[in-house]
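Chain order of the listed sequences is A and B.
For the first sequence, the numbering used here begins at 7 and goes up steadily by one.
For the second sequence, the numbering used here begins at 294 and goes up steadily by one.
No wet-lab data here; the hints were simulated from the structure.
All C-beta atoms, glycine included, are put in the ideal place defined by N, C-alpha and C.
One thing to keep in mind: the hints can contain errors.
[Stated by the list, open to error] Derived CB-CB ranges, DEER-like:
hint: 1; chain 1: B; residue 1: G322; chain 2: A; residue 2: G59; range: 25 to 35 Å
hint: 2; chain 1: A; residue 1: H91; chain 2: B; residue 2: Y323; range: 40 to 50 Å
hint: 3; chain 1: A; residue 1: E65; chain 2: B; residue 2: Y323; range: 20 to 30 Å
hint: 4; chain 1: B; residue 1: G294; chain 2: A; residue 2: K47; range: 16 to 26 Å
hint: 5; chain 1: A; residue 1: T88; chain 2: B; residue 2: G294; range: 42 to 52 Å
hint: 6; chain 1: B; residue 1: K361; chain 2: A; residue 2: G67; range: 47 to 57 Å
hint: 7; chain 1: A; residue 1: S89; chain 2: B; residue 2: P409; range: 32 to 42 Å
hint: 8; chain 1: A; residue 1: N76; chain 2: B; residue 2: N352; range: 45 to 55 Å
hint: 9; chain 1: A; residue 1: S24; chain 2: B; residue 2: E335; range: 40 to 50 Å
hint: 10; chain 1: A; residue 1: E28; chain 2: B; residue 2: G302; range: 27 to 37 Å
hint: 11; chain 1: A; residue 1: E93; chain 2: B; residue 2: T406; range: 23 to 33 Å
[Claimed, not checked] Calculated Cβ distances over 12 Å to all of chain A for the following chain B residues:
hint: 12; residue: P303
hint: 13; residue: Q331
hint: 14; residue: D377
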Amino acid sequence: GAVVSQHPSWVICKSGTSVKIECRSLDFQATTMFWYRQFPKQSLMLMATSNEGSKATYEQGVEKDKFLINHASLTLSTLTVTSAHPEDSSFYICSARDWRVMNTEAFFGQGTRLTVV
Amino acid sequence: GNSVTQMEGPVTLSEEAFLTINCTYTATGYPSLFWYVQYPGEGLQLLLKATKADDKGSNKGFEATYRKETTSFHLEKGSVQVSDSAVYFCALTPNAGGTSYGKLTFGQGTILTVHP
Numbered sequence: 007g008a009v010v011s012q013h014p015s016w017v018i019c020k021s022g023t024s025v026k027i028e029c030r031s032l033d034f035q036a037t038t039m040f041w042y043r044q045f046p047k048q049s050l051m052l053m054a055t056s057n058e059g060s061k062a063t064y065e066q067g068v069e070k071d072k073f074l075i076n077h078a079s080l081t082l083s084t085l086t087v088t089s090a091h092p093e094d095s096s097f098y099i100c101s102a103r104d105w106r107v108m109n110t111e112a113f114f115g116q117g118t119r120l121t122v123v
Numbered sequence: 294g295n296s297v298t299q300m301e302g303p304v305t306l307s308e309e310a311f312l313t314i315n316c317t318y319t320a321t322g323y324p325s326l327f328w329y330v331q332y333p334g335e336g337l338q339l340l341l342k343a344t345k346a347d348d349k350g351s352n353k354g355f356e357a358t359y360r361k362e363t364t365s366f367h368l369e370k371g372s373v374q375v376s377d378s379a380v381y382f383c384a385l386t387p388n389a390g391g392t393s394y395g396k397l398t399f400g401q402g403t404i405l406t407v408h409p
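Turn these sequences into a full structure, and let the hints steer you where they fit.
Take a look at the structure:
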């Protein structure tokens, strides 16, 4: 159980276009999902907390108009990178928590490697 | 705020050597602590966790003990294998049961390479 699926695994897009990344909890309901970004050979930095049915909470320094997060259901959150530029190229990873179970950690998707050319 | 500090890498060992990766943290209250492993080109896998002081997390021969007095959660393995080569991340999340539980603060990661 506790499987989180992220799609796509990798994507290449042209500069100026928008890219949508999906994060799904396959066998549990997740009121809260988290989006992280990882630069090459660096650690993961939390971008935002996605809450089902409400606005996402962004970390300081993360542009909410550039990284649009939608959490329309208990099993799906999406991250849209708008007007992508080469500096947005990175590894994006989501995690989801099963709200019904106390003290359970958040489970990670397999990540999406975005390359903007 | 919360922070996690890991020992500098990379770490290179021979097969069957003893492994220690140091991790210390700063946090308010009693966070839960984790070790995650990331293989090349993949996402994160939970390796082990501990949710309260003196708890020992263990999995696949890896162990770490939650030491509140030293605010540490060092990762150890008695005999590493080539297949253990990966990046290891220490992380914490605020108190269990809180609305922020699951929101992780990561250390910088330690690259481990094990040679035959």
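(request) Provide an ascending list of the numbers of those earlier hints which the structure does not satisfy. (result) Hints 5, 6, 7, 8, 9, 12 and 13 are the ones this structure does not satisfy, whereas the remaining hints hold.
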